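**Q** Spelled out from the first residue to the last, the chains are:
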Amino acid sequence: MRFERREHRSIALVIATPLIAIGAALALAGVLTAVAGAPVLEAYWLILKSAFGSRLSATETLTRATPLILTGLAAAVAFRARLWNIGAEGQLYLGAITVAWASSQFLGDLPGLVQIPLLLLLGALAGMTLLLVPLWMRLRFTVDEVVTTLLLNFVAVLLVSMLIDTVLKDPMAFGWPQSQPVADAAMLPKLLARSRLHLGLGIAVVLAIVLAFVQSRTVFGMQSRAAGLNPEGAVFAGVPLKGTLVIVACISGGLAGLAGAVEVMGVQGYVTTELSPGFGYSGIVVAMLANLNPLGVVLAALFTATMFVGADGMSRSLGIPSYIADVIVALSLLTMLVAVFFTQYRIRR
Amino acid sequence: MSAAFDIIASAGLWAAVLRIATPLILGTLGALLCERAGVLNLGIEGIMTFGAMIGWLTVYNGADLWIGFLVAAVAGGLFGLLHSLLTVTLGLSQHVSGLGVTLFASSFSYYVFRLAVPVAGTPPTITPFQPIAIPGLSDLPFFGPAFFSQTTPTYLAILLALVLAYVIFRTPLGLAIRMTGENPHAAEAQGINPMVVRYGAVIIGSALMGMAGAFLTLAAFNSFFPTMVQGRGWICIALVVFASWRPVRALLGGLLFAFFDGFQLRLQTVLGGAVPYQLFLMIPYILSIVALALMARRARVPQALMQPYRRGER
Amino acid sequence: MSKPVLEIVGVSKRFGTTVANDKISLSLAQGEIIALLGENGAGKTTLMSILFGHYVADEGQILVDGQELPQGKPRAAIRAGIGMVHQHFALAPNLTVLENVITGTQSLWSPKLRRSDARTKLLTISERFGLKVDPDARLGDLSVGEQQRVEILKALYNEARILVFDEPTAVLTQTESERLFATLKDMAAQGLSLIFISHKLDEVMSAADRVIVLRGGRHVAERRTSETSKAELAELMVGRTVTRPVREPSTPGDVVLEAAAVTIRSDGIDRLKAVDFRLHAGEVLGIIGVSGNGQHVLAQLLSGTRSKTAGDLLLYGKAVDKLSVADVVSAGIGRIPEDRNKEGAIGEMAIWENAILERVKAFSRGGLVDRKAAVAFTQTIIDRFDVRGGSPTSRIRLLSGGNMQKLIFGRNLINRQRILLAAQPARGLDEGAVAAVHERILEAKRQGTAVLLISEDLDEVMALADRIQAIVGGRLSPAISAEEASARKLGLMMAGEWTSEVPHAV
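Protein sequence lines correspond, in order, to chains F, C and E. Taken in order, the first sequence gives residues 31 to 379; the numbers are from the working numbering. Taken in order, the second sequence gives residues 25 to 338; the numbers are from the working numbering. Taken in order, the third sequence gives residues -10 to 495; the numbers are from the working numbering.
If you're looking for bench data, these hints aren't it; they were derived computationally from the structure. As the structure is a prediction and not an experimental result, all values here were calculated from the model. It is possible that part of the hints are untrue.
Said to hold, decoys possible - So the derived label-pair ranges between C-beta atoms look like this: (1) G417/E / L325/F: 53 to 63 Å; (2) L325/F / T382/E: 48 to 58 Å; (3) R346/F / F284/C: 52 to 62 Å; (4) R346/F / Q254/C: 40 to 50 Å; (5) F204/F / S34/C: 52 to 62 Å; (6) L161/C / Q374/F: 36 to 46 Å; (7) F4/E / F193/C: 37 to 47 Å; (8) L303/E / L148/F: 23 to 33 Å; (9) I239/F / S383/E: 24 to 34 Å; (10) G355/E / V143/C: 27 to 37 Å.
Positions of the beta carbon are idealized from the N, C-alpha and C atoms, including for glycine.
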């Protein structure tokens, strides 16, 4: 048996790929649900119902999708240029704590119209900074950024833990390690009354559209794609490789930092070490499911959020551990990899 | 200063160092074996988590500690099989596939654990491996309690490092593995099937990772909780580079890291609350990054690392 | 001669719809040297891969000493005494010579690698065939010629009686090639049987007893070298009379590019050592040399991807210090890269993107790519340069080597260039495409473009260049004119044997 490259890929196949992958992941996870003794179809129905069955649950799902869109974009942008940023989790936390620090310490008195953009920018800058370190190490010492970004995730979370335990500790939190809250003026406006859905979703969707445009229409988009596909060829064609990677890192790290900022300013109002249930890592899955397409990221983030929010509800009714959502999401990454492979190759005997 | 000296001079530190080093050594050896055959295995973090969970669960359900250890190794090997299918047979990106394996193995561990053990105030425990005093040697002053009163898996890890070094550098099989990691086409031209070699190396390497995880729940601690692996897998990946893909150096590297870790743990108690404990906890991660920066350029990377092998394609 | 040691009987192999081998038969006697002659894609390598067990034939069989050889098993081929010397050496640079040789020769489950026996055996063989190497040297530290020796030793160590050489001289200097052929004859005299694959007529004529010509996957002819001629073989190989265009004398114009004592150092090694050359408008300056002697760095310098360490570079009479790719492109220097697939094209991107990437500024406004204009530009190239096999929006990977090269020539020549840098422009192309490439180069010269041709192919340089300099170990010989050049003289120059007495033609 051998594999042969397909010379032509139909558009229909490319679009169908993530759907097939998700279907396969759900089927595999169904086996695990069945082994746990729960009715599979009912479980999936309950996931869907818990995620979209009411106004509250639907807004909750969209709220959960917001940081996932941003971390998904962060991964998609980086992966497209073959910059393996696996550090979105750490960048998210650094963005979050920066916002909490700036707003609680010295920007808090500014009116929202000024303060909010300023904080978002600071959050993005923090995320950028954290990614520029591994990029610098790659360019300077040829250190694989996968491992360094992964390791920095732990450093970032420990740094946050330290800050919320010491200088940024909220004295009103009954001793719990939690940061001082951002100012009320720093909170993002709600998109819908009586829900947690906030402006962050709008920001994320707009950024996805902007990125889609940048990648498909601009010189930078073309150059960064070339740099990712064939660095040697890109250099020969005059693409400034280092410069392109630095910009890509700034966008990617910035988006992840922004995810943290938005989560603090939109939902929590303060930072704990439980701020992110792995948004950074899930972003990788989101990006892969979207085939690194920014608009696809929005849909993939919605799917992932549906699983997480829905599984919580399903878990309460059927007694299946809600970790099943993580399993489904992780499996869909693996099935997606395989599905993409078969859009590129066919089996020959 | 004298506080630091007291710590170093205490046998307790050195006993702890060996204990802390064991999972690092096992994990690094596993990752090293995979990479020698040309496959980067970022599944390590998840495989260690699963090994920790399944090893513990096996023992919790009444099996012998060694059976738990074995089950963890087999489970690790199965995840290695999965990683091989994706990266060797299909030739997919080793980075992404490895991360996928990690995400899947960790979430699957939590799922199985929650299914088997309902939420409780204090996590249920098992009776872990007990230190084995080596007759004669364990009675030595200082050295006895420091180095010769460890659990059996620790001795096993040290032995494995030596065995692996022998296999890689002194046997025809080891040469075949190295050739596959350097130039799979050359291996094939000499009648070695690089696919089979890669499968074997990744499966056995992943089994070692599973054992590394099991050590955490069966010897270092006595219970399982999510996120207990805490990036140890990633540190192992860094240690492989630090060790220049050599098993004996991996052993030394693991011990060096464990020394810093054990030292900071003790320093924490000495310094009390004066310095936030998180700063100490960061040390291993930052050290790993520094080690990478120091060694990345100097190390002789297996030339075919991360390159998929397809017959007839160059 | 005695009865055949190897017979290939009616072997066919198809990949998808292409027929790589169509009922090929041949036989090889003990002590005989045969050549498999054919263009790229004629099926030589596929046939040998089947022989060596890398592929399984769709039909046909292989007999060694009258015994059928099981297919698809390299190990069985090795055991039957077949050894292969690959064109891209199947060696690992990080391992020692000995380790490279003995990999896979001992039972994988044996508990100990027997090194000292192996070393003795290796040294005996290397003594017997005059192939000297240090068993403990790291392979990556050896020269290309020495690495080839290791590759041959590896086959001999496996007790090969039938040796296959795949394009063995592609990477060797003239003197190294001559030595290799002496070794081959010695091996045949000692009773080994050899097959060598080539598309070079000279070496086929001088080294082989018998020639088998393959074309389009078929066995089209078989001749004894004593009873044929180069001309006949060339026609058999190509299937029609393809005449490569030949230069006509011309009067060069002004100097457009001049290098004076240019040195390039990287990783502490001088890759180029104080080289001098002058390139005139309307001439072809050929730089001949075996790969790995600094021509890659020279090409990079002029492509704008590497800067010089010392010396002066004058472009149109003005000293330039650092050249970026953008500078080079806007200065009217066209660039044909050495490696089409790595440098010349980004396989997964569309043909139109590949056509404009290096001049993307010209096809963009305010940072936005003008796709319409770019596609139109690409269509013009496709039409004018006869690029077949794809539309502007298909991925460039789908093009054949010859068509990809036409596109690369097209993007460089469509707006007439003042200078054209062509590095190994015909490498790996079939005869028809080579002729097309050569015609483009000569046409550019006629229109006044200054062409710097970097090549390792003597025939190519002699057919195209007005003046020739040899590059050896990062040094450049003085130039000789085309009229003074002979294969022998260039061979000597490529081996580094030039003296200051060589007349200087400027």
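**Q** Does each hint fit the structure? Answer for all of them.
**A** Verification of the hints:
1. At about 40 Å, the CB distance of G417/E to L325/F disagrees with the hint of 53 to 63 Å.
2. About 20 Å separates the C-beta atoms of L325/F and T382/E, a value inconsistent with the hinted range of 48 to 58 Å.
3. A hinted range of 52 to 62 Å for the beta carbons of R346/F and F284/C is inconsistent with their spacing of about 44 Å.
4. Separation of R346/F from Q254/C is about 29 Å and departs from the stated range, judged on CB atoms against 40 to 50 Å.
5. Between F204/F and S34/C the Cβ separation comes to about 38 Å, which falls outside the hinted range of 52 to 62 Å.
6. One distance hint, 36 to 46 Å for the beta-carbon pair L161/C and Q374/F, is violated here, with the actual separation near 59 Å.
7. Checked against the hint of 37 to 47 Å, the C-beta distance between F4/E and F193/C comes to roughly 40 Å, which is consistent with it.
8. The hinted window of 23 to 33 Å between L303/E and L148/F is violated, with their beta carbons roughly 53 Å apart.
9. Between I239/F and S383/E the beta carbon distance is about 28 Å. The supplied range of 24 to 34 Å therefore holds.
10. With their beta carbons about 58 Å apart, G355/E and V143/C fall outside the hinted range of 27 to 37 Å.
Hints 1, 2, 3, 4, 5, 6, 8 and 10, counting from the list given before, are not met by this structure.
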